[in-house]
Every structure is written in structure tokens, then in C-alpha cells.
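There are 2 protein chains.
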Amino acid sequence: MIPIRFLSDDDVKSILDIRNTVACVERAYVLKAKQRARLFPSISEDLIHGIADMDIKSGLLDEDDLYGLKLVSWFGSNERIGLPALTGLVMVFDLKNGFPKAIINARYLTAMRTGAAGAVGVKHLANPDSDVLLVVGTGFQAVFQIAATLSEVPTIRKVYAFNPLRYDSAEKFLSSIRSELEKIPEDQYTSSKEHWKHRIAAVQFIPVENPLKVLEEADAVITVTPSRKPLIFKEWIRPGTHFSCIGADMPGKQELDVKIFDGAVVFTDDAQQSLTVGEVQCAVKAGLIHEENKPTEIGHLILGDVKGRKKDTDITIFDSTGIALQDLAVSRFLVSKAEELNLGRVIHL
Amino acid sequence: MIPIRFLSDDDVKSILDIRNTVACVERAYVLKAKQRARLFPSISEDLIHGIADMDIKSGLLDEDDLYGLKLVSWFGSNERIGLPALTGLVMVFDLKNGFPKAIINARYLTAMRTGAAGAVGVKHLANPDSDVLLVVGTGFQAVFQIAATLSEVPTIRKVYAFNPLRYDSAEKFLSSIRSELEKIPEDQYTSSKEHWKHRIAAVQFIPVENPLKVLEEADAVITVTPSRKPLIFKEWIRPGTHFSCIGADMPGKQELDVKIFDGAVVFTDDAQQSLTVGEVQCAVKAGLIHEENKPTEIGHLILGDVKGRKKDTDITIFDSTGIALQDLAVSRFLVSKAEELNLGRVIHL
Numbered sequence: 158m159i160p161i162r163f164l165s166d167d168d169v170k171s172i173l174d175i176r177n178t179v180a181c182v183e184r185a186y187v188l189k190a191k192q193r194a195r196l197f198p199s200i201s202e203d204l205i206h207g208i209a210d211m212d213i214k215s216g217l218l219d220e221d222d223l224y225g226l227k228l229v230s231w232f233g234s235n236e237r238i239g240l241p242a243l244t245g246l247v248m249v250f251d252l253k254n255g256f257p258k259a260i261i262n263a264r265y266l267t268a269m270r271t272g273a274a275g276a277v278g279v280k281h282l283a284n285p286d287s288d289v290l291l292v293v294g295t296g297f298q299a300v301f302q303i304a305a306t307l308s309e310v311p312t313i314r315k316v317y318a319f320n321p322l323r324y325d326s327a328e329k330f331l332s333s334i335r336s337e338l339e340k341i342p343e344d345q346y347t348s349s350k351e352h353w354k355h356r357i358a359a360v361q362f363i364p365v366e367n368p369l370k371v372l373e374e375a376d377a378v379i380t381v382t383p384s385r386k387p388l389i390f391k392e393w394i395r396p397g398t399h400f401s402c403i404g405a406d407m408p409g410k411q412e413l414d415v416k417i418f419d420g421a422v423v424f425t426d427d428a429q430q431s432l433t434v435g436e437v438q439c440a441v442k443a444g445l446i447h448e449e450n451k452p453t454e455i456g457h458l459i460l461g462d463v464k465g466r467k468k469d470t471d472i473t474i475f476d477s478t479g480i481a482l483q484d485l486a487v488s489r490f491l492v493s494k495a496e497e498l499n500l501g502r503v504i505h506l
Numbered sequence: 158m159i160p161i162r163f164l165s166d167d168d169v170k171s172i173l174d175i176r177n178t179v180a181c182v183e184r185a186y187v188l189k190a191k192q193r194a195r196l197f198p199s200i201s202e203d204l205i206h207g208i209a210d211m212d213i214k215s216g217l218l219d220e221d222d223l224y225g226l227k228l229v230s231w232f233g234s235n236e237r238i239g240l241p242a243l244t245g246l247v248m249v250f251d252l253k254n255g256f257p258k259a260i261i262n263a264r265y266l267t268a269m270r271t272g273a274a275g276a277v278g279v280k281h282l283a284n285p286d287s288d289v290l291l292v293v294g295t296g297f298q299a300v301f302q303i304a305a306t307l308s309e310v311p312t313i314r315k316v317y318a319f320n321p322l323r324y325d326s327a328e329k330f331l332s333s334i335r336s337e338l339e340k341i342p343e344d345q346y347t348s349s350k351e352h353w354k355h356r357i358a359a360v361q362f363i364p365v366e367n368p369l370k371v372l373e374e375a376d377a378v379i380t381v382t383p384s385r386k387p388l389i390f391k392e393w394i395r396p397g398t399h400f401s402c403i404g405a406d407m408p409g410k411q412e413l414d415v416k417i418f419d420g421a422v423v424f425t426d427d428a429q430q431s432l433t434v435g436e437v438q439c440a441v442k443a444g445l446i447h448e449e450n451k452p453t454e455i456g457h458l459i460l461g462d463v464k465g466r467k468k469d470t471d472i473t474i475f476d477s478t479g480i481a482l483q484d485l486a487v488s489r490f491l492v493s494k495a496e497e498l499n500l501g502r503v504i505h506l
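Here the protein sequences line up with chains A and B, keeping their order. Throughout, this note's numbering is defined as the position within the first sequence, counted from one, plus 157. Throughout, this note's numbering is defined as the position within the second sequence, counted from one, plus 157.
To be clear, the hints were calculated from the coordinates, so they are not data collected in a lab. Don't take every hint at face value.
Copies of the same chain look alike in the list, so a pair counts if it fits in one copy or across any two.
In the DSSO-like style, the derived pairs of lysine-lysine whose C-alpha atoms are separated by at most 27 angstroms in a straight line are [what the hints assert, rightly or not]:
(1) LYS410 to LYS253
(2) LYS370 to LYS410
(3) LYS258 to LYS170
(4) LYS191 to LYS258
(5) LYS354 to LYS442
(6) LYS494 to LYS191
(7) LYS494 to LYS253
(8) LYS451 to LYS386
(9) LYS315 to LYS494
(10) LYS340 to LYS494
(11) LYS386 to LYS350
(12) LYS350 to LYS464
(13) LYS451 to LYS191
Chain A with its partners taken away, still in its complex shape (with noise of 0.2 angstroms):
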């Protein structure tokens, strides 16, 4: 009999915060880059064509003395029934002998280190005292890159939202966002939650029409969309800005116009998923990518093994495809935060 330990959504809601977030998504990219993680292939199929698919990422933490996988699911008609689209679980193994050691609900946990995620690349590449934020996309997964961002990226003060198909899905979008931001706990442990609502009500949220316009002032602009073609065009930006795409993560999908990676910085999660499967594949396609602008690991230059940004004019880009370590290191630290708090249930199989 093999006891598991069982984090349901809430469990993980009532552990995870940014700050302990980010710090596991960056422990991972680091892992990553110093050879003491692993990524096994991933798995990405259709399930129902159009209609639902799923995922299957799976890896090694040798550090952690723990593997496992992430299985998620996308059924986009569930929201119309009032169902989560989003739904999956992670499995993390022992390394010590292979037994079980915990399962744990993937939706909280996913939004929470895709939002670190796309924070991390505006952390480490956009300019200093970047204060003007675009956010291209308005779903789900948009409230947790804002939130992660502006935790942070302390010098930001103004964040437009974009919605490429509706003007008013913005707008209704950051109707809400000050309550939606103040659910996503900045720090559970040590600083006050009157902090993290200051920094909020600091913020101004703008919906934007046309990005043209908005592009002369953004210092770092994230896209977070299923789009499977360019939305922001190399014309519009100007010099000095950062992009954290987080949206491509299969083959076909594209947010950025492949031309703006020529003569960018460009870093990413994985260097391999990024040419297949992240932003950088129509760049690599259209034989934009040469070894200049090549993606490093972003583990590399939280490391200080390699510069990012050498100059304010730079165009800097971070192609986060989403990588199994992130939802390992977060589970980890889950697990350790649930054994010493007693939360979840246990199990014997």
C-alpha cells in the first residue's frame, strides 16, 4: 500500500502565492541550465478535432530526488456549460524507488507558474524602470500575467489589455481586474495584504482599441492568446521593447510577426521545444533565426552566465513554451508546504 498525498485546487490556492511562484519557476529554469533536471518528450494531441486537446508534460528534478508528468486538458465548450476548460492533474514520483507521492489539481498551479512565467522574462530583459505594460489577450490565463508582472516588476504603473478579436471583451476584462488581481495573493507568509492592494490601486488599466498607438509606450508587452497568426507587426514597435510570449505552444500558433526576431535577444524556456513548438518556430521557418539571435535558456541568464539586454534600444524576447520543470518545482514545494501544514488527504493504493 502506497500512501499519496491529494492537493485539491483549494489546498494548492491556500499554499501558492507570486512570490513563492516565481522563486520555483525560476529554481526550475535554473535546474534546467545547470544539467540537474530533465525534459522527457512531450505529448500534445487532439482529442476531439477543434474541439478539446490535450497535453502531456513530463520530466526530472535530480535535485528534488523527483519525476512526474502534468496531464492537461483544453475542452473550450465547457465554459458555455459553466465548467473549467482547463482541467488536469500532476503525478510526482519518488526517485529514491518510484512510488507515488502526490497528486495534484493542475488548473490553480498552471495559471499560477504560466503567470510567473511570463513575468520572469520581464524581470530579467526589459528595460529598467519599465513603467507601461501591454497585455495582448484577455482570457483566463491574463489576470495571472498581470498579477505575477506587477509583483515582480515593481517600476510598472500603467497596464493596457488588448483583445485582438473584441474591443469590449478588454473593457469588460479590466472592469473587474483590481478585485480578480487582489485574489492572487502576493506573499501568503511574511508581507501584508494591505501591500499588495496599494500596489494595485496604483496601477492605472487601460483598454486599447488599436495597439498601434499603445506600442509607443510600452516598455514590455506579453501575449497570451491561442492566435495562429502574427498580432503585433515589427512596424509598430519601437526600439527598446520586450516581449514574454506565452500563447505558442504547439505547432501552428504564432503571436508575433516573424520579422521582429531579427536582430532580437531572444531567450526561452527550452531551446528545442521553443523551435518547434514555442514562438520561435516561424521565425526558424522563415530563416530568421541565425546564431546571433538564437534562443538561450533563460536559466542561463538568471544564472549570470550570459547577459540579456546589452543596450536600451534592444528588442528582447522571452518564448516561454511551457516546460514540465515549472510544474515539478512548484509541486515540490507544494508537497513539502502540505506535509508541514497537513493539508490535502492521504491515501493508500
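Given the coordinates of chain A, assemble chain B onto it according to the supplied hints.
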């Protein structure tokens, strides 16, 4: 909050028997042949080189409105400290909305569905009235192969067991074989325990020092070892012999001399997997697989779409690589029985 049913190994044992497992496995093969099921790419990784590995198999059963995966790990050194070497979990999801339905301990399930696979090969391909079985390999899995074959092929009256490394392992294995077989129920619902006990008692079990002599007599051979080189040679076998090859499930594994494939009638569970990770892989490399002996999926044989053995001197081979659909079909049966009998535990994630 998503309700998920958890089934422990004891729950699985209380539901599965040879008859219902074989029915599920045959159904999985048939659904694959009818294209009412799909396999996703499988992942096979070394965790600790030479010490531990794991694989993730996943797929979808349209007909049952479910999809899912099985992660199984192998830590050989566990046995030295009294822990099982093979551990793992099956996760089943609802194809209507992506919600997790069940999580099942994979240990007994894997043993049972793998035993069923070997027996299905013998049942559909060996000569009628086969009465001598040779099992090559005397590990954990061998007893499940014998159990399923004795149940599915009632003409078998003599079982030889051969351990390619040590004769005394085969002797030891057979010393308790009757009681081990009795622990695996043939039919928990309709037939009597006495019937199964009599069946087992009527069989002669003989350890083998030299397989050469036994092969003159064997009608069917099941190979179930982790071997990476041939254990049975073409010169040793007689016309008409059937082989169910269970061991080969990853690149580099091999149990049969490739020359045995020359002129043989070859079936498999998955044509693509067979060519790359199954017993067929070495014959492919040796250039011995042609149009007339290329593997046909066994579902077509069970359905009656194709003929298996054409004459009593044919050499027949079933290359069982192990597919997720076996696990999913068995899991679906487990879940529906567990709901009916209120077995396992339901947790909200």
C-alpha cells in the same frame, strides 16, 4: 471540485479475474482494429541509467468516451529491500469534458493485462489441441502468463519453465507455482474456485535445463524476460510452434533469433510500435520483414477480418509490445464495477 475515484491494488484484485481481463484486452485490440481507439506516442526514459526506468503510455477509447495514461516505473533494486520493482498509476479522463474520473494502482492491473496478452496470442494462433507450453522467464510476470494461458487454452496439460540465467530459479519458481496460480482467480463471478483448482492440479510443471529438448515437444512458447539478445534459435524449433513475445517493449530488447521471423505468420498489438520497440524490431533491422510476414494487428484476427495460422506447420508469432488501450479498457471495466460495488474511495480534487 472534481470527484475522482481511487482504486488501490486490493480494489483491483477484488474485481479483476482472468476471464474479465482477457475480455477487456481482446476488446481493446478489436477497438483499435476498428479505429474506435487511438494510441498517442509513448514515452520511455531511463531515470537512473541501468538502475531505473519509466514509461508513459496514453491513448483514447472513443467507444467508452474516455482517454488516459499509465505511468509505470521499474526500480530493480527495490526487490532487494522488499519493495515491488514495478509501480505506477493509471489516470482515466472523461472524453466529454476532460475531467479526471479515476486513478488506479497500476501494479496488479499491468500484470493481469500482460498475462492476458500472452494468452490471447496462444489462443488465437497456436495449433488446436496444443498441450505443451514453454515459458521462458521466471520473474514476477511469468505466473500471470501461465495463469491466463491455462484458463484460455484448456488443452494445455504440461508447462515447462526455463530461466535463461539459472536453472535453480526455474526450479524455485515452479516449487510454489500451484499456490501462486490459485491466487489469481479465473472467474470471480460465475465459475467456482474448485474448477480452477482442478484445472491447475491437472497440469504438469517441469523446470527446464536445456530448452533444446523441450522445443521438440512445445506447441506454444511465451517469452517474458528483459533480454537484449536471442534466447531461442531457429535451429532449435519445430514446425508449427507458436510464440507469444512479451518481453520486448523498448529499443534494444530481443528474445527470439531473427531468423524465426523468416516465413513466419506475424501478429502484433500495434504495428508501428512493433517495428520500433517490439520483438519485430531486430527482424526489421536484419531485413527479414517483408510484405508476407509484416505484422498484422491482432484485433483483425479476433474480428475474423484476416486468417491467422494457415497450416499446422506454420510458425506463428504474436509480438505483444503492450499498449495503453489494454490499460484503458481494463480500467473502464474496473471503474464501472467499482461504481456498482461502491469500491475504492472518492475524493474531490
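The hints, checked one at a time:
| no. | hint | in the structure |
| --- | --- | --- |
| 1 | LYS410 to LYS253 | between (38 angstroms within a copy, 25 angstroms between copies) |
| 2 | LYS370 to LYS410 | within (25 angstroms within a copy, 62 angstroms between copies) |
| 3 | LYS258 to LYS170 | both (19 angstroms within a copy, 22 angstroms between copies) |
| 4 | LYS191 to LYS258 | within (25 angstroms within a copy, 38 angstroms between copies) |
| 5 | LYS354 to LYS442 | neither (45 angstroms within a copy, 66 angstroms between copies) |
| 6 | LYS494 to LYS191 | within (25 angstroms within a copy, 48 angstroms between copies) |
| 7 | LYS494 to LYS253 | within (20 angstroms within a copy, 34 angstroms between copies) |
| 8 | LYS451 to LYS386 | within (21 angstroms within a copy, 43 angstroms between copies) |
| 9 | LYS315 to LYS494 | neither (35 angstroms within a copy, 57 angstroms between copies) |
| 10 | LYS340 to LYS494 | within (20 angstroms within a copy, 41 angstroms between copies) |
| 11 | LYS386 to LYS350 | neither (40 angstroms within a copy, 64 angstroms between copies) |
| 12 | LYS350 to LYS464 | neither (35 angstroms within a copy, 72 angstroms between copies) |
| 13 | LYS451 to LYS191 | within (19 angstroms within a copy, 45 angstroms between copies) |
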